[in-house]
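Trainee: For reference, the chains in residue letters:
2 protein chains.
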Amino acid sequence: MARIVVDVMLKPEILDPQGKAIANELPRIGLKNFTDVRQGKRFELTVDGEVTEELLAQAREAAAELLSNPVIEDVINVEALED
Amino acid sequence: MARIVVDVMLKPEILDPQGKAIANELPRIGLKNFTDVRQGKRFELTVDGEVTEELLAQAREAAAELLSNPVIEDVINVEALED
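Protein sequences, first through last, are from chains A and B.
Sequential numbering of the first sequence, starting at 1, is according to full-length UniProt numbering.
Sequential numbering of the second sequence, starting at 1, is according to full-length UniProt numbering.
Just so you know, not all the hints are guaranteed correct.
No copy labels: a pair is met if it fits in one copy or bridges any two.
Stated by the list, open to error - Within a straight-line C-alpha distance of at most 25 angstroms, the following computed SDA-like cross-link-like pairs (lysine to any residue) qualify:
#	residue 1	residue 2
1	K20	E50
2	K32	D48
3	K11	A57
4	K20	E54
5	K41	A23
6	K20	T35
7	K32	L66
8	K41	Q18
9	K11	R28
10	K11	G30
For the record, the hints were derived by calculation from the structure and aren't laboratory data.
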């Protein structure tokens, strides 16, 4: 059993109100060194056995077809998860 | 300018209906090799200058205080993002 991680973020030009709300709140708890926050999604896909190149290709397909909205999001990372 | 990434996942014992819905949908688009899917959150925190140990400590504090709900979520990763 192994896992593949897929990271999806809003495209840079898309507004991120959740991230903005967090960025605004951080100074209120004393954390003043962060100039921006963006919130995205992380998926962990479990597979039987080892992560093969074919499974990574299937994960990239899942990322493009089901895990992201290509109009507003970028799949920024698909890789085997080190346990 | 640099970024710190924070990954937050539901605790393993917490049900993840969104992940389950995705796992159920994958075979319908021909992807039958994934036995489970979990959906979590990825945050990117921007800082001025380089990522220092102090900024990483502040990011860990932000992760614990604001970016996660410790009752149901685990902060699984806080690290400088390689550009």
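Trainee: Using 25 angstroms as the alpha carbon limit, work out where K41 and A23 are close: within a copy, between copies, both or neither.
Mentor: Cα proximity of K41 and A23: in one copy and across copies (17 angstroms, 16 angstroms).
Trainee: Since the copies are identical, ignore which copy is meant and state whether K20 and E50 lie within 25 angstroms (CA to CA) inside a copy, between copies, both or neither.
Mentor: Only across copies: K20 and E50 sit 22 angstroms apart there, 39 angstroms inside one copy, limit 25 angstroms.
Trainee: Since the copies are identical, ignore which copy is meant and state whether K32 and D48 lie within 25 angstroms (CA to CA) inside a copy, between copies, both or neither.
Mentor: between (44 angstroms within a copy, 11 angstroms between copies)
Trainee: If the cutoff is 25 angstroms on CA atoms, where do K41 and Q18 land: within, between, both or neither? Let me know, please.
Mentor: both (12 angstroms within a copy, 12 angstroms between copies)
Trainee: Is it within, between, both, or neither for K32 and L66, if the alpha carbons may be no more than 25 angstroms apart?
Mentor: between (37 angstroms within a copy, 14 angstroms between copies)
Trainee: Under a CA distance limit of 25 angstroms, which applies to K11 and R28: within one copy, between copies, both, or neither?
Mentor: Answer is neither: 27 angstroms inside a copy and 27 angstroms across each miss the 25 angstroms cutoff.
Trainee: Is it within a copy, between copies, both, or neither that the alpha carbon of K20 lies no farther than 25 angstroms from that of T35?
Mentor: Only inside one copy: K20 and T35 sit 10 angstroms apart there, 35 angstroms across copies, limit 25 angstroms.
Trainee: Using 25 angstroms as the alpha carbon limit, work out where K11 and G30 are close: within a copy, between copies, both or neither.
Mentor: Neither: 29 angstroms inside a copy, 27 angstroms across copies.
Trainee: Between K11 and A57, at a C-alpha cutoff of 25 angstroms, which is it: within one copy, between copies, both, or neither?
Mentor: Within one copy only: 22 angstroms inside a chain, 27 angstroms across chains, cut-off 25 angstroms.
Trainee: Regarding K20 and E54, is the shortest C-alpha distance of 25 angstroms or less found within a copy, between copies, in both, or in neither?
Mentor: Cα proximity of K20 and E54: across copies only (23 angstroms, versus 38 angstroms in one copy).
Taken one by one, the earlier hints fail for this structure at numbers 9 and 10, listed in ascending order.
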